[in-house]
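Chains F and Y supply the protein sequences, listed in that same order. So the first sequence is numbered by the numbering used here: it starts at 1 and just counts up by one. So the second sequence is numbered by the numbering used here: it starts at 1001 and just counts up by one.
Hints should not be assumed to be uniformly reliable.
[To be verified] Negatives, chain F to chain Y, calculated, CB over 10 angstroms:
# : residue
1 : P64
2 : I66
3 : P89
4 : E163
5 : R244
6 : A351
[Said to hold, decoys possible] On the chain F side, residues computed to face chain Y include the following (Cβ under 10 angstroms):
#  : residue
7  : C8
8  : L84
9  : N88
10 : G300
11 : A319
12 : E322
13 : F325
These are computed hints drawn from the structure, not numbers from a lab. No residue lacks a Cβ here, since even glycine has one placed at the ideal position from N, Cα and C.
There are 2 protein chains.
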Amino acid sequence: MSHFVLTCTGCDAEHTVTMRVLECSACGCPLRIDYRGAGPAGAPMQVPLRRPAAALTLGEGNTPSIAMPAAGIAAGVEQLYGKLEFSNPTGSFKDRGSAMMMSALVEHGVGEVVEDSSGNAGASVSAYAARAGISAHVFAPDSTPKAKLRQISVYGATLHTIEGPREEAAAAAIRFAESRNVVYASHALSPFFLEGMKSFAYEVSEQFPGRMPDHVVFPVGNGSLLIGAYMGFEALAERGRLSRTPALHAVQAEAAAPVAAAFYDQPWIKAEGARTVAGGISVAEPPQLHRMVQALRATGGSAATVGDDDILRWQRLLAEREGIFAESSAAAAFAGLEALATRGIISPGDAVLAPVTGFGLKESPAAQG
Amino acid sequence: MSHFVLTCTGCDAEHTVTMRVLECSACGCPLRIDYRGAGPAGAPMQVPLRRPAAALTLGEGNTPSIAMPAAGIAAGVEQLYGKLEFSNPTGSFKDRGSAMMMSALVEHGVGEVVEDSSGNAGASVSAYAARAGISAHVFAPDSTPKAKLRQISVYGATLHTIEGPREEAAAAAIRFAESRNVVYASHALSPFFLEGMKSFAYEVSEQFPGRMPDHVVFPVGNGSLLIGAYMGFEALAERGRLSRTPALHAVQAEAAAPVAAAFYDQPWIKAEGARTVAGGISVAEPPQLHRMVQALRATGGSAATVGDDDILRWQRLLAEREGIFAESSAAAAFAGLEALATRGIISPGDAVLAPVTGFGLKESPAAQG
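Please take these sequences and the hints and turn them into a complete structure.
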């Protein structure tokens, strides 16, 4: 008897724990993990693993939060902090999710997986698969920066580059998984991957013991960090370990803004040929759209869209003024913060935190504009 | 009155603290920092800063140490740990030294610096200079991987690429500093930079409270991490906070092995045209040679040289078996460990730690062989 079940986020139907089901068989919505018992000892917060002490780790998490005074002034807020998620072992926040998902896959005896990614998740899954001795197939758009494609291959995953937009890579991965009967370890759908993201919230609560940030501003594509952080803050609140959940905000590129549109009850259709330098957050049809909007609304947050010029301007500003080399998708959060401050949604006196989700080293020089 | 002085490592002559003197005026040897009083409160261990609480930080240090069982088996030791120094904010261990050196430069009101580097130190100094609002000139060999050259520029430093081997870049930096009367902030010579490296030892003692590693194996070029770690272990031992200092070992590339030669009392002359993929440790005339040999001998350590084939084999092994993408200079330490275990200098039952000094993302694909 497992100490958790998989519950549908749409209709609350319960599903037996397996690594092969990612969506509700009744309504098609994504699944979440619901704890039903104390679970094994050894982890301060509950985790969906039978043997947490034996979980895979490459040293992910425990990333520093640093003050960013110059960026704060430029964005229009007095207190700005960056949580350096690019300090994770493969250079992006995805490692939190990969560690948990791959640990669960090991517990379930899975020996081969398929994943699709715009780059960072693919590299992360490839690294943890290497560590676990699991074979990995990673499907990525052929427009992915070369440094990211190379990183996926370096760890030993089989790389499949797919022509066309991000969605084509996802479709190809699903076809491959079905035809070969291989587990589809989707970072966008796996409830285990999302569960791994909760540690972001746990660390924020430890790093800001006196005064929690009033706002956390996320760059959002599939939204795993936003949703995972929300779940983490909720878990802390349920245990009485958090006085207040920060307002969570989503920033998207103008070319791929379904979450921002949904938040403002606007229709959104991907424009033909629309592209953004922020490939890491270029997701036209995120499967967890509704959960993201719910997280924004429940916390009193909001959404913003930003253009490539502003993204690249912030990427330069973070490097030249703060000494932080963020990838363009990560810089988008700061451009979005500036927009939210300009609109008065975030006030000058508010304390703001933004994750720096990925390392600029992962992008080819062309992305620098 | 400063709470520390600069003491010559050769003749023990004392020098007034300034950012412009890097070598003893009497004998030409490098300087070290000697504490003469309790110093300001706020830091658990002494630091050469007047205001430690105001020190520059980009979140450097506190890097994870992880078990590397597959690499241990391949190297011939049962317990192998990697300390992931590439998790530092610019992707290499240099950030420990840059944070301390640039903090001291800020305290001394320095507004412009010159540095020479094979890449990592240049990027690190460039990032901390950006954070400090200090103008930086970085001199690097034109053979430096493009990703490293780009990273130096991204943070805003003025990049000067110099034809020829590493030594030419150093000579050009010194000429530039003298002709412009700019501070030469040499990571190879600055006693402040070395002082910043001591935190590596402090963290090791905290991360291995039960049993310290028997050996720490360093990839060595200018040797700042080796020397700094040695000083850190010594400082802990003086305070009674360390039962035993691990044996410290130096690994060098065959093409640039002055430290290994000196350790074994062999002559060493750089072979005409000799090169290595491990550019980060390719230093023909390290100014702190004697201190390195002293650290090896005092701790019961040793030295080894490794060829490019073994370096590249270990780079692949770490990625494909451990999920760790090390740059080639970092992989050299593991190749050296294998050599030391083969020679019986390190025994199968010994616990070994090696820093993974730099991120593989910093190298161009060509370096992968």
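Results for each hint:
Annotated as non-interface, P64(F) brings its C-beta within 10 angstroms of a C-beta of chain Y; the closest such distance is 3 angstroms. With a minimum CB-CB distance of about 5 angstroms to chain Y, I66(F) fails to clear the 10 angstroms threshold, and the non-interface call is violated. The Cβ of P89(F) does not lie farther than 10 angstroms from every Cβ of chain Y; its closest approach is about 6 angstroms, which violates its non-interface assignment. Every Cβ of chain Y is farther than 10 angstroms from the Cβ of E163(F); the closest lies at roughly 22 angstroms, confirming the non-interface assignment.
At roughly 25 angstroms from the closest C-beta of chain Y, the C-beta of R244(F) stays outside 10 angstroms, upholding its exclusion from the interface. For A351(F), the shortest C-beta to C-beta distance to chain Y comes to about 18 angstroms, beyond the 10 angstroms cut-off, and the non-interface label holds. At about 33 angstroms, the closest approach between the beta carbon of C8(F) and any beta carbon in chain Y exceeds 10 angstroms, and the interface hint on this residue is violated. The interface hint given for L84(F) is met, as the beta carbon of that residue sits about 5 angstroms from the closest beta carbon of chain Y, less than 10 angstroms.
This hint holds: N88(F) has a C-beta 7 angstroms from the nearest C-beta of chain Y, less than the 10 angstroms allowed. Taken as an interface hint, G300(F) does not check out: its beta carbon lies about 29 angstroms from the nearest beta carbon of chain Y, beyond 10 angstroms. Of the supplied interface hints, the one on A319(F) holds, with its beta-carbon coming within about 5 angstroms of a beta-carbon of chain Y, less than 10 angstroms. Evaluation of the E322(F) hint against chain Y yields a held restraint, the C-beta minimum of about 6 angstroms falling below 10 angstroms.
Below 10 angstroms, beta-carbon pairs count as interface contacts, and F325(F) has one with chain Y at about 5 angstroms; its hint therefore holds.
Hint check: violations occur at hints 1, 2, 3, 7, 10; the rest are consistent with the structure.
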